[in-house]
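Enquirer: Protein chains in written order, with the UniProt record's numbering: chain A, 1 to 208; chain B, 1 to 208.
Please note: incorrect hints may appear among the correct ones.
Repeated chains share a single entry, so a pair holds when one copy, or any two copies, can fit it.
[To be verified] Using 27 Å as the maximum straight-line C-alpha spacing, the simulated DSSO-like pairs for lysine-lysine come out as follows:
no. : residue 1 : residue 2
1   : K153      : K66
2   : K160      : K110
3   : K2        : K160
4   : K175      : K66
5   : K160      : K50
6   : K108      : K153
7   : K95       : K153
8   : K84       : K130
9   : K50       : K130
10  : K130      : K66
11  : K175      : K23
12  : K108      : K95
13  : K110      : K50
14  : K50       : K153
15  : K2        : K175
16  : K130      : K95
17  : K23       : K66
18  : K175      : K95
The hints are simulated quantities; they were obtained by calculation from the structure and are not laboratory data. Predicted, not measured: the structure shown is a model, and the values here were computed from it.
2 protein chains.
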Amino acid sequence: MKERGLLLVISGPSGAGKGTICKALMENNTMWLSVSATTRQPRNGELPGKNYFFISHEEFQARIEKGDFLEYAEVYGNYYGTPKSNVIDILETGKDVILEIDIQGALKVKDAFPEGIFIFILPPSMEELKQRIINRGSETPESLMTRFMSAYKEINFVSKYNYAVVNDTVEAAAKKIESIVIAERCRVDRLKDTLINKEELTHGKLYD
Amino acid sequence: MKERGLLLVISGPSGAGKGTICKALMENNTMWLSVSATTRQPRNGELPGKNYFFISHEEFQARIEKGDFLEYAEVYGNYYGTPKSNVIDILETGKDVILEIDIQGALKVKDAFPEGIFIFILPPSMEELKQRIINRGSETPESLMTRFMSAYKEINFVSKYNYAVVNDTVEAAAKKIESIVIAERCRVDRLKDTLINKEELTHGKLYD
């Protein structure tokens, strides 16, 4: 039996550096980045199946009804969601899947897929978080303040996660996440459900 | 505040390779190996404070009554035990402590110090385990069989541990344990008790 892959949910406040960390994880590991489905139109340069799966409103609705989303949300009349079947298909091949997602989304995924590994990315400091939000440059002072206050409040949600990783440097944060993956593969709680059960151990099947 | 060290309890059946793995961990990391106290006489070449703390029967009894052992056992009229105060003193300096111990001992430590990380070392296979026990050479066929059967039964106790690490190679097993330590430092459950509490987060103290 091939060992199932792990679903890594990389989440945290806007500006904490989720995206950069996920990129680093992808470069050093054979992990698959979960691609969202959306009903909005592709923008310039966006590739179907890479940036998003672009699907019709009708198909999205049908898949909601079939329960085929780990989470979904409607934003300005368009749907965005994480297709469950795609994620499961990859996990079954033994590959790990990274899901980069905001906090609201991550909490929904936790309900639908509690065996995922929920990692909260913390900015090195609140000052740093403010700078990162400012450095994006595309915000008005008001929306900047709103974003900052929202990120500040969101940090309380860390208690719903399994792990908290401070993003001091991208390399160090990615290294910690790689260690988390190695450790999770050794967790007895996780092994109990798959490889090791008392019956098999007693009859020595584990060691055949 | 200095972050407290972690207590790593490395345990498993006789012949699984606990000792070699602990040695490898000590060589690559700044970890402190817990030294047991005993009432037995030092053997040739044994150093006090390195191999054992050699103490009198009276002192051992007094320390049992003070609750100063994470675990202790009497073997052929001599006491052996893990001094709690020594372990705690080192943990308080921020260093991690390795405790290499048999399964019975580990389960007692778990009662006394549940915040430890309990790692069960599994032999690569039961055949390998048999070979390792045979290779020690100091056993009669009967005691060998007893040891093997006991190791075989003991493997069921893996379910009481946090992690199971298969000892395919010493290097790979040590690497996994190092990853477990890194991951445990990121666990929200562990952070909750020390650094992160909602109050501090709400008032931004975490980030001052």
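Enquirer: Next step is simple, just say for each hint if it's right about the structure.
Expert: Evaluation of the provided hints:
1. K153 / K66: neither (34 Å within a copy, 46 Å between copies)
2. K160 / K110: Classified as both; 9 Å inside a copy, 26 Å across copies.
3. K2 / K160: Result: close only across copies, 25 Å inter versus 30 Å intra.
4. K175 / K66: neither (37 Å within a copy, 43 Å between copies)
5. K160 / K50: Neither, since 30 Å and 43 Å both go past 27 Å.
6. K108 / K153: within (18 Å within a copy, 42 Å between copies)
7. K95 / K153: Cα proximity of K95 and K153: none, with 34 Å in one copy and 33 Å across.
8. K84 / K130: So K84 and K130 fail the 27 Å test inside a copy (34 Å) and across (45 Å) alike.
9. K50 / K130: Close neither inside one copy (30 Å) nor across copies (51 Å); limit 27 Å.
10. K130 / K66: neither (41 Å within a copy, 52 Å between copies)
11. K175 / K23: both (13 Å within a copy, 24 Å between copies)
12. K108 / K95: within (22 Å within a copy, 38 Å between copies)
13. K110 / K50: within (24 Å within a copy, 48 Å between copies)
14. K50 / K153: neither (32 Å within a copy, 50 Å between copies)
15. K2 / K175: Both ways: K2 and K175 sit 25 Å apart in one copy and 22 Å across, limit 27 Å.
16. K130 / K95: Neither, since 35 Å and 34 Å both go past 27 Å.
17. K23 / K66: This pair counts as neither: shortest intra-copy Cα distance 31 Å, inter-copy 54 Å.
18. K175 / K95: Classified as both; 18 Å inside a copy, 21 Å across copies.
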